[in-house]
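Position chain B against the provided structure of chain A, taking the given hints into account.
Chains as they are written, first to last, in my numbering: chain A, 142 to 253; chain B, 31 to 142.
Calculated from the structure, these hints are not laboratory results. Heads up, the beta-carbon is just placed ideally off N, CA and C, and yes, glycines get one too. Just to be clear, a hint being listed does not mean it is correct.
[Unchecked claim] The following residues of chain B were derived to be distant from chain A, with all beta-carbon distances above 12 Å:
1) Val-34
2) Arg-93
3) Asn-109
[Claimed, not checked] Simulated coverage check for chain A against chain B, where a stretch passes if three residues somewhere in it have a Cβ under 8 Å from a Cβ of chain B:
4) 173-183
5) 241-249
[Unchecked claim] Distance windows between CB atoms, simulated:
6) A:Arg-248 to B:His-40: 18 to 24 Å
7) A:Thr-250 to B:Glu-82: 40 to 46 Å
8) B:Arg-138 to A:Gln-222: 26 to 32 Å
9) B:Arg-52 to A:Ala-211: 38 to 44 Å
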Amino acid sequence: DQQVKQNSPSLSVQEGRISILNCDYTNSMFDYFLWYKKYPAEGPTFLISISSIKDKNEDGRFTVFLNKSAKHLSLHIVPSQPGDSAVYFCAAAYQGAQKLVFGQGTRLTINP
Amino acid sequence: ETGVTQSPTHLIKTRGQQVTLRCSSQSGHNTVSWYQQALGQGPQFIFQYYREEENGRGNFPPRFSGLQFPNYSSELNVNALELDDSALYLCASRVGGTDTQYFGPGTRLTVL
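Chain A with its partners taken away, still in its complex shape (with noise of 0.2 Å):
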């Protein structure tokens, strides 16, 4: 039962346009839902979030849209840079829960 998803294993962007990363969750109780980044051999690192209580959180060059009605949430990374080369796991939580519930990633490429 996968209850986030991630349909797009790789997403492939040009330096200097906008990459826009997808998730959708099936759960109506998650309340809270992340980005994080994963490069290899690393441990995933916190990127941004957002609580169900908003539709949108900004953060320097990321930006998180959350839809609740239609259970989809997307990063948006403007203007993709050539560090931005990673893959990128979306997650999601409900109040009171203990774990995190991650989609599958995507491998996000920035071509020079």
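Frame of chain A; chain B shown alone:
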């Protein structure tokens, strides 16, 4: 830098053996979770410890066990290793009551 460290970095064991993985959390992070990440998948929740007691468990058998110590360190123990236990094991810490978890670099376990 998340302030979360794990040891060892890599480990090779044979089927049937036992293994102990270690994690040191940030000072003040009284909640630690362990995740298993198989190749090509997102991390899967194993269990969580809060104030030295297990308070949440994912779909893992009892041969996966853990300990948390007062000095913010913790252990993951796996008995009777199976080939499918080969994975990256991640620990993540947070302050109890908050949702953002900070991950260590992981331990790569290979079971032959």
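Do the hints match the structure? See the list:
1. For Val-34 (chain B), the shortest C-beta to C-beta distance to chain A comes to about 7 Å, within the 12 Å cut-off, and the non-interface label is violated.
2. With a cut of 12 Å on Cβ distances, Arg-93 (chain B) stays outside the contact zone with chain A, its closest approach being about 19 Å.
3. Under the 12 Å C-beta cut-off, the non-interface status given to Asn-109 (chain B) relative to chain A holds; the minimum distance is some 22 Å.
4. Counting residues of the stretch 173-183 of chain A whose beta carbon lies closer than 8 Å to any beta carbon of chain B gives 5, which meets the minimum of three for the stated coverage.
5. Under a criterion of three residues with beta carbons nearer than 8 Å to beta carbons of chain B, the stated coverage of the stretch 241-249 of chain A is upheld, 6 such residues being counted.
6. Remark: the range hint 18 to 24 Å for Arg-248 (chain A) to His-40 (chain B) is upheld by a beta-carbon distance near 22 Å.
7. Taking the beta carbon of each, Thr-250 (chain A) and Glu-82 (chain B) are about 43 Å apart, inside 40 to 46 Å as hinted.
8. A beta carbon spacing of about 28 Å between Arg-138 (chain B) and Gln-222 (chain A) agrees with the range 26 to 32 Å that was offered as a hint.
9. As the Cβ distance of Arg-52 (chain B) to Ala-211 (chain A) is approximately 42 Å, the hint placing it in 38 to 44 Å holds.
The structure does not agree with numbered hint 1 stated previously, though it agrees with all others.
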